[in-house]
Amino acid sequence: MILKNITKIYNQGKSNEVQALKDISVNFQKGKFTAIMGRSGSGKTTLINVLGLMDKPTQGTYKIEETDVFNLSETEQGLFRNGHIGFVFQSYYLENKLTALENVMLPTLINDDIKKEERSKKAIILLDKLGLKGRMNHYPNELSGGECQRVAIARALINDPEIIIADEPTGNLDSKTEIEIFEMLKSISKEDRYVIIVSHNETIKKYADKVLYLNDGVLSDDIK
Amino acid sequence: MISNKDAFILAKKNNKKKRIRHIILTSVITIMLFMIILPFSYHKSSSNELENLLKHEYQTRVVSILQPNEEQLERVKKFAKETDYVVKFLEEDVPLYEMNILNLPKLPTNVLITTKSAIPYNSPEGKIIIDGRSIKNEDEIICSKRMFFEQNMSDINDSFEMKDYIGTTLKVRFRKHKAEGFVNDFVEREYKLVGTFNSEITRSSQTCYIKESEFDRQIPEIIESWDKSWGSGLYLKSYFDIEKASEALAGISRATSSHDLEFDKKLLAIITIEAGIIMFINVIIFIIYLKNYIKDNYKTMTLYKALGFTKKETQKVILFQILQSFILALAIVLVVTFIGAVILRIYYYYTAKAYITNVVKIDLVAITIFLALLLTIILYLIKRHTKIIDKFTVKELIKE
Ligand SMILES: Nc1ncnc2c1ncn2[C@@H]1O[C@H](COP(=O)(O)OP(=O)(O)OP(=O)(O)O)[C@@H](O)[C@H]1O
Ligand SMILES: [Mg+2]
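Line order of the protein sequences matches chains A and B.
Per numbering that gives the first Met the number 0: the first sequence ends with 223, consecutive numbering throughout.
Per numbering that gives the first Met the number 0: the second sequence ends with 399, consecutive numbering throughout.
Calculated from the structure, these hints are not laboratory results.
One should not assume that every hint holds.
Only pairs whose alpha carbons sit at most 35 angstroms apart, straight line, appear in this in silico DSBU-like list of lysine-lysine [to be verified]:
(1) LYS298/B / LYS189/A
(2) LYS298/B / LYS114/A
(3) LYS4/B / LYS114/A
(4) LYS191/B / LYS121/A
(5) LYS175/B / LYS128/A
(6) LYS115/A / LYS205/A
My request is simple: use the sequences and hints to build the entire structure.
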């Protein structure tokens with residue numbers, strides 16, 4: 000994953016112009032757990048949006064394994080997200096009306112590479128692996144925060160993406176569960192994936208292979 | 000691409016819990032919208048009846064003058080000359096004679112026999128709508144399309160279709176009238192029924208016609224002595240002139256019609272205007288409701304986007320969500336409308352308007368247009384309010 004000269008300016012040309020990302024060039028490595036840390040308002044979520052193809056930067060190029068992803072059409076980007084990128088969010092964003100199993104299966108509905116019969120099989124194996132065997136048919140409001148986040152991780156993994164992006168995945172969890180989640184993400188990165196986690200939690204440093212710092216839209220190796 | 004089946008199931012699950020509220024709301028709105036179909040449908044069937052009344056039922060436009068004296072007759076003549084809505088004045092009202100038809104499954108009540116020439120006109124164009132054909136020979140007869148067999152000729156259940164007997168030979172019987180009045184002596188004749196005409200609405204009589212020459216041949220034998228005058232009649236341009244004519248000739252006239260069309264027309268106008276207003280308000284409520292419903296789903300749409308759903312796929316799920324509630328609501332609405340129609344029908348029975356058969360005909364064209372309109376609104380709103388998906392980022396999820 001190569002980002003080159005990424006700049007994101009909100010409300011360009013207006014009085015409330017904000018330069019959220021400033022000329023960011025970075026190379027993420029496969030099989031590595033990368034942590035991005037920074038103060039509130041430093042541009043972390045903005046960067047996540049760019050990395051996850053949810054938003055286009057004002058400037059810059061982004062290559063994932065030789066694909067220039069910004070050149071893809073809206074539909075192609077959707078397909079790409081579905082097959083190659085898994086999101087994990089701070090507040091899990093599970094669908095309340097779907098069970099844990101159904102939530103995990105959601106991304107497979109639009110994935111033609113997974114056969115219909117295999118969807119639930121795959122989801123069950125994943126949930127099992129993440130220690131949610133007895134919770135498959137529970138609804139999100141019947142699950143603890145940690146369980147919810149594990150369901151969300153399973154959902155991010157179901158299509159076997161090479162990229163996992165998480166925005167404050169442990170923001171809503173206690174320190175014990177936090178460690179569990181970080182360990183889980185760490186082991187996921189070992190399966191030859193890019194794992195990029197945004198957090199301002201110091202604990203993450205223990206698990207990350209690499210820590211990057213965002214300061215007012217500038218990415219660097221240290222805190223300023 | 001998400002399959003229709005998956006999108007349908009997903010939509011069904013997304014509708015869970017919210018469903019009842021959703022259905023109730025959609026139903027209420029749709030019922031109100033559906034109400035506009037009733038007046039349209041009523042309008043349709045009613046204007047058919049109206050047309051029949053005005054075109055083919057001369058009796059509803061007659062003011063009778065009963066046994067007038069010289070002076071009264073002069074007055075009526077003058078009135079007929081000076082008033083532009085009087086089509087014709089008949090000094091001698093046409094002879095009618097009562098008869099029985101013996102070989103029908105039920106004996107119809109008060110059948111009058113008369114001649115074709117007895118009808119001064121049946122419509123402004125002088126046409127009469129006849130199923131079958133008109134009389135050509137002296138042994139032929141045409142009768143009212145519907146015959147009642149009970150004294151009160153208002154219940155459609157107490158009637159049968161005379162039309163079904165076209166081609167059969169009717170055995171008819173006349174009671175003789177002598178100087179001392181009706182006697183227990185009868186004349187029987189046979190006529191072939193060759194046609195029926197529409198007189199469902201003139202329930203005041205059920206009539207059969209024979210050829211004038213035949214009538215003239217039979218009458219002297221049947222009526223040996225008859226000193227009564229039949230009275231005279233004024234034939235008016237339209238039903239709505241009856242009141243005016245009756246007023247002008249107060250004391251000597253009698254209107255023969257009983258069906259209050261004026262009332263129907265006013266009611267119809269009121270219903271239509273009210274329905275128009277209700278419809279307008281409801282279309283707006285419907286649009287606002289749908290818009291909010293789609294906006295309520297913005298978070299889900301963002302999540303779908305993050306998971307890789309294309310805009311089309313998300314739209315499909317939302318469309319299915321709306322359609323599922325909508326179709327269920329429509330089912331409820333159809334039941335309610337059906338019950339409404341039945342109630343209206345019962346109302347018409349009890350207000351003695353039962354001779355108007357299909358009072359509330361559901362107008363298929365109106366329904367189709369209505370459903371197409373709603374579907375267009377739904378599709379348009381989905382398209383319009385999901386455009387923003389392109390702009391959704393992870394931030395949309397974080398917003399509370
Ligand atoms: N849609 C937007 N329009 C305008 N400005 C925005 C928008 N989104 C973010 N910003 C601004 O860009 C900057 C970076 O925001 P961002 O959400 O990326 O920060 P963050 O590091 O994720 O903060 P936090 O830790 O609080 O989540 C902030 O100054 C913010 O106000
Ligand atoms: Mg943030």
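Margin query: Please verify whether LYS298/B and LYS189/A have alpha carbons no more than 35 angstroms apart.
Written below: 32 angstroms, holds
Next item on the list: Starting from LYS115/A, check that the Cα of LYS205/A is at most 35 angstroms away, please.
Entry: Answer violated: LYS115/A to LYS205/A is near 40 angstroms, above 35 angstroms.
Check: For the pair supplied as a hint, LYS191/B and LYS121/A, is the alpha-carbon distance within the 35 angstroms limit?
Finding: It is violated: about 83 angstroms lies between the C-alpha atoms, which goes past 35 angstroms.
Check: Within a Cα-Cα threshold of 35 angstroms, do LYS4/B and LYS114/A meet the stated pairing?
Finding: The given pair, whose Cα atoms are some 14 angstroms apart, holds under the 35 angstroms limit.
Check: Does LYS128/A lie within 35 angstroms of LYS175/B when you go C-alpha to C-alpha?
Finding: 106 angstroms, violated
Notebook entry, point to check: Is LYS298/B close enough to LYS114/A, meaning Cα to Cα at most 35 angstroms?
Noted result: Holds, at roughly 28 angstroms.
In this structure, the hints that do not hold are numbers 4, 5, 6, in rising order.
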